[in-house]
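J.: With the sequences and hints as input, model every part of the structure.
Protein chains: 2
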Amino acid sequence: MDTISSYISEHKDRFLQELIDLLKVPSISADSAYKEDTFKTAEIVKERLMEAGCDTVEICETKGYPIVYGEKIIDKNLPTILVYGHYDVQPPDPLDLWHSPPFDPVIKSTDLHPDGAIFARGACDDKGQMYMHVKALEFMTSKDKLPCNVKFMIEGEEEVGSANLATYVAANREKLENDVILISDTGMIANDVPSITTGLRGLSYVEVEVTGPNRDLHSGLYGGAVANPINVLTKMIALLHDENNHITIPGFYDKVENLSEVERAEMAKAPFSLEHYKKALDIDAVYGEEGYTTNERNSIRPTLDVNGIWGGYTGEGAKTVIASKAYAKISMRLVPHQDWKDITQLFKTHFEHIAPAGVKVKVTPHHGGQGYVTPIDSIGYRAASKAYEKTFGKTPIPQRSGGSIPIVSLFEEELNSKTILMGFGLDSDAIHSPNEHFGIWNYLKGIETIPYFYKYFTELHQ
Amino acid sequence: MDTISSYISEHKDRFLQELIDLLKVPSISADSAYKEDTFKTAEIVKERLMEAGCDTVEICETKGYPIVYGEKIIDKNLPTILVYGHYDVQPPDPLDLWHSPPFDPVIKSTDLHPDGAIFARGACDDKGQMYMHVKALEFMTSKDKLPCNVKFMIEGEEEVGSANLATYVAANREKLENDVILISDTGMIANDVPSITTGLRGLSYVEVEVTGPNRDLHSGLYGGAVANPINVLTKMIALLHDENNHITIPGFYDKVENLSEVERAEMAKAPFSLEHYKKALDIDAVYGEEGYTTNERNSIRPTLDVNGIWGGYTGEGAKTVIASKAYAKISMRLVPHQDWKDITQLFKTHFEHIAPAGVKVKVTPHHGGQGYVTPIDSIGYRAASKAYEKTFGKTPIPQRSGGSIPIVSLFEEELNSKTILMGFGLDSDAIHSPNEHFGIWNYLKGIETIPYFYKYFTELHQ
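Line by line, the protein sequences are chains X and U.
The first sequence begins at 126 in this note's numbering and counts up one residue at a time.
The second sequence begins at 126 in this note's numbering and counts up one residue at a time.
What the hints contain is simulated information worked out from the structure, not anything from laboratory work.
Please read these numbers as outputs of a predicted model, since none were measured by experiment.
It cannot be assumed that every hint is accurate.
Since the list gives no way to pick one copy over another, a pair counts as held whenever it fits inside one copy or between any two copies.
[What the hints assert, rightly or not] Simulated pairs of lysine-lysine, DSSO-like, Cα-Cα distance not exceeding 27 Å: (1) Lys-485 with Lys-404; (2) Lys-394 with Lys-160; (3) Lys-197 with Lys-137; (4) Lys-487 with Lys-403; (5) Lys-487 with Lys-404; (6) Lys-300 with Lys-276; (7) Lys-466 with Lys-188; (8) Lys-403 with Lys-485; (9) Lys-197 with Lys-466; (10) Lys-394 with Lys-300; (11) Lys-149 with Lys-511; (12) Lys-570 with Lys-137; (13) Lys-570 with Lys-394; (14) Lys-276 with Lys-188; (15) Lys-466 with Lys-380; (16) Lys-403 with Lys-165; (17) Lys-515 with Lys-268.
T.: Here it is as structure tokens:
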């Protein structure tokens, strides 16, 4: 395996260029204006997988965007690794905060990435991290170093809730059969503090609509006499947290697991500087649920955040109007054991219940997924840990993440196998934000580490 | 004066067509994209005033949109009426709720306007009502029926707070000298219940910006651990009213005049059907300050309404983002004695005070104006009342309006004269809303009534 680092040295310019080409296509699954580009991206992924050495690659149509499936089976008696990733990206809004166009990748150095980082939507989430696996495969097949079977399942709807993946997985259980699932769609603590994500939060994403009068009204003639949907919406949202920032939805915390003091003390050992955290975000104080630390608030505790709100006149200048409708997009991050469908229902019931007379309320669930915890004594975790040790020279720290990859629970249920989350991005890489980027060092380090996972997993499995 | 009704019969098609031509120009003062059209509208008004018989008309430049000033002085010893109106209009958003394009006027019948109404932005507010005065002047000059001097001052920034009018008025006190100011920019109760507006509310309009982290964040990685500006903004707005819908800003009610039970009983005599009101707006209940009726809430009580709110992802689908910033446009309608500058300062101080640690808050005042009450024993009010009696066959009801025309207080201060508000629109004419319209009957009735005001005012003045 010593040849992986020399292979990377030799081909790194090409590895970069191929990723840049992939990032130029705006595969925004949330916005139907980019439909053609999203379909085109699936085709590019298919071609790259073929070139990297898959025996067969197919575009599997769904009701939405297709799933790209590829495989290389070398021996049915050897273990099989299923790689999951996604080729779709988040919308780039707000565009005016990008320092360079989101789909015109540029390379710039940053404090945390002195060797340069690629700036583009999807650079880290997840085109860059997904493409590491394609390049690792290229190395293993071209140098005869593939120790086991491999299957790729790359979807195009992760950023909009993977609505059609469940159907596909349920219909293809045999085809997708595997011994472990490998995903790079999370982060690590720092370039010199490698970590492996062992927990993910679940998600419930809803949209709410509050309707007052049947048309926009003049705020002078009607102000104070009818329910203003925006004022009402703000009041209803405010009611969702109490003064300690606990969520007030009845039953919301019923299934939340309370970690022991020992477990919390263990978590608190992860390197973390509150001062650095505040400085990086330019905030004078953190904010959150009373009684928990920052790292607990964003990993082991469920949350409720408004992701978008709109209503009335939002243009230049002033308009004295009472809007007929106001809207918000609200997401709840859930912890293991909280069922996202139950929570969505609890939210809906409560939100409708707190609506005052004079307005009508509509709650539309968008999507969701269950939380997940990976056991750290599994073969998969041990193989990943050894791979990091080999390439980083340090044992990685197991870490619970606040993010959600809802399909991880689905995989366990449908395919009966565990997922290993080997992420190489940093929290500061601004995924889902303007100026998303991915360190070139991280990209190449990922390509270097993945073949070791294959090697150790195969060895431990036997 | 009997010839006014026959003059209208003879020329009504032309009167309509001229208004339609005026409505076709999108003079949206709030949106700089319509700068050219707004300037062009001033030119059209100038031409129409010349044609209607003014001796001189000039375009008076300001730092913003110009003021069109015209006059016809027949005898320095006769009284002078100053007509104020505005040629700018509100933005037409939301466009998708219009049944016909806002600047492509169409005539349709409605339940309240069986003879047809002109649907267009500005039809009632204020192009239609302003143009009634131009056509009334045309009748009086062409038929030698002008009994006194007349001055016109038509501005182009009423919908954005008349920022440059005060400077103009202060610099032209002598030129604008008058015995009464006449404005048609309000409404009446119903076509068979004429009313004259005797009170206007003041206004304070502000924009607020809440900034949390210095960039948009992934809600999974940061959710629950940093102040989400949208959640914080909703909480802060919710705090501005208590459970009885009283406004909580300290000092806000200090100067609010409490009407006596007798005055309130007098007000309650105005015809009003709560059932009809709710049905017209399609709401199951009204909403507002505890202890007051609907008609009190929207006229003698101050209010606070959010006119627009935005932040985060508002596009199609879902984006799990914590926005860096959230915004709202908030207006307060004030009652006489509440000084809008004081109230704006009270708002700013309070809003900054209730901001939690972890966010920064910016409050930007947009514009404002004082409330106003017209005495009903003045010559002006009596002349207006007689004019309505003549053309409607009924004594008009004095009525306090919830709307604001901030410049009315300014006129009293700078020009030392009273304003008479002769409005011919209906509350249901949807001013500031999609599908604004103005009844053709109302338009023509206005043209018919105005010359009688001139006649009676001149007679009573002598």
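J.: Which numbered conditions among the earlier hints are violated in the structure presented, ordered from lowest to highest?
T.: 2, 9, 10, 11, 16
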